[in-house]
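Chains W and F are the protein sequences, given in the same order.
Okay, so the first sequence: first residue is 1055 according to the numbering used here, each after it adds one.
Okay, so the second sequence: first residue is 1055 according to the numbering used here, each after it adds one.
Each hint should be verified, as a subset may be incorrect.
All copies of an identical chain are treated as equivalent in the list; a pair is satisfied when it fits inside any one copy or across any two copies.
[Claimed, not checked] Calculated lysine to any residue pairs in the SDA-like style (CA-CA distance at most 25 Å, straight line):
#1 Lys1142 to Lys1363
#2 Lys1296 to Gln1080
#3 Lys1208 to Asp1310
#4 Lys1363 to Glu1089
#5 Lys1208 to Gln1218
#6 Lys1334 to Ala1294
#7 Lys1184 to Ala1342
#8 Lys1184 to Asp1215
#9 Lys1182 to Ala1325
#10 Lys1217 to Ile1115
Think of the hints as simulated: they come from the structure by calculation, not from any bench.
2 protein chains.
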Amino acid sequence: MSTLIFGHKNPDTDTITAAIAYAEYQKQLGNTDVEAVALGTPNEETQFALDFFKVAAPRVIETAANETDHVMLVDHNEAQQSVSDRAKVTIDAVVDHHRVAAFETAMPLFMRLEPIGSADSILFKMFKEKGFKISATLAGLLASGLISDTLLLKSPTTTEDDKQIFAELQEIAGIDLSDYGMKMLKAGTNLAARSDQDIIDGDAKSFEMGGKTVRIDQVNTVDLEDIYARQDNIVAAMQAEKDAEGYDLFLVVATDILNSNSVGFALGETAPLEAAFNEKIDAQGRLALPGVVSRKKQIVPVLTTAFEK
Amino acid sequence: MSTLIFGHKNPDTDTITAAIAYAEYQKQLGNTDVEAVALGTPNEETQFALDFFKVAAPRVIETAANETDHVMLVDHNEAQQSVSDRAKVTIDAVVDHHRVAAFETAMPLFMRLEPIGSADSILFKMFKEKGFKISATLAGLLASGLISDTLLLKSPTTTEDDKQIFAELQEIAGIDLSDYGMKMLKAGTNLAARSDQDIIDGDAKSFEMGGKTVRIDQVNTVDLEDIYARQDNIVAAMQAEKDAEGYDLFLVVATDILNSNSVGFALGETAPLEAAFNEKIDAQGRLALPGVVSRKKQIVPVLTTAFEK
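Turn these sequences into a full structure, and let the hints guide you.
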């Protein structure tokens, strides 16, 4: 009965690579009976990274308790972002770089959280502290998560440590990570191949804010016009999902990764959203979010504050 | 406006020494504007340790927001064990070895939790990982917290890491830590000098279990007869506090540190307590807890399970 290691629902590159890396860390620690799994299939960006480094995608699980008593979490801690039957298993460890909410345990556990660009950045530190081996492939995977979460070190979540880690990973990986990283990010912006439903759900996370359920999705693009051209259909899909799931606010953020700007579409309780950014939704149904690229640092905190008022 | 570093209410030796040690760690990290404070005055055991190593007791604070926006927590995370106005300040960091509950933040933070004997054990690891200097005095303080929380490495919370850390601290401190440790523990068992109210409150913590408020106090002794002789007065004091505070269950555990056994006095919803230990409160109003010395490992988890049924 292996201990399962996984990241959040709607997995992104950091979550998938962090699960793989933490399983490798546990093995080097002597815990050989662990398996990296995922709560969904890789998105196009992540698949690009896995293909590039010739690593198989982790097995997808729907529930955990049917096959194990013990799990370890990476890149998330909030219950609604985790496996649906988490309450039935023991959480032995968490490695994460998000706020803490909707998380509790009956027993002491291992937790390693830092306010840093990616979960992979923390894992890199943990490998180094123990003197564990990092293969070129593992370095490439860790860099992929770091690049994805920080938009190639351009997001405001990027710390000095992240830049140093990127340089060290560059050495180990032995490839031009900046060039690779831009290709990987662009692979994730191929919107033509994605359905409206996939766009509004692909990177979505639910948050509790002042007793309300706020759903926030983020989609990267190299041209916001690609999103505008599909806006009516995207908003219709959002409305259907909001009605079905009962979100109080549903926000889809389209981020221009080349110019580091975002635009939001929102349905539901939009007043706290407009208050949070001191910006009105315009006549075209768009909320300008200039300079915003990080959900975690630039959206969730201010929106939480606005909802708790 | 210094960042305040503190442990839990009703501070014990691990909580006080961990706050002092983490402030020293932050200073070596370059964060010089930090101050170790405490949510209460040291108990007799802790005062023995501070006197022995000639270290002043941390300043006692009642609230934090009146003097700072930022705090760091050691040896606890649950809101009801923390400073009363915690919701008004930002938690930048947590170093702890307890379960996680009643804890959430709006922003990512630094957290370092391990299932290990003491918060001081984790801090020792952190100093070592960074190559930071540990003075003989600091080693003595770290050892004091480790000795206190593990009853000189005899509690079931003691890990192999703790034993190794104890040996390394012995080297740095340059004194016989086993001999010192027994003297320190005995200093904490001088019940004659303590009021009934102090005995039921000195080490007490409140826990949320299945929606109920459970108050658990632990008092160390070298002779349970000293407790039995005062049982009627102790229980009367418990009843008065339970009525005033509205606990659903109030449990005072007296632990014989020489023989590693405990006996409990309980008021309120005692059925889950008896179920948890499969043991009835006897005709003398005592619940036998053979082999139990750790509230965290041997009481809180089973009692939480019993209350959640």
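| said: Check the structure against each numbered hint from earlier and tell me which ones fail, lowest number first. | reply: 2, 4, 7, 9, 10
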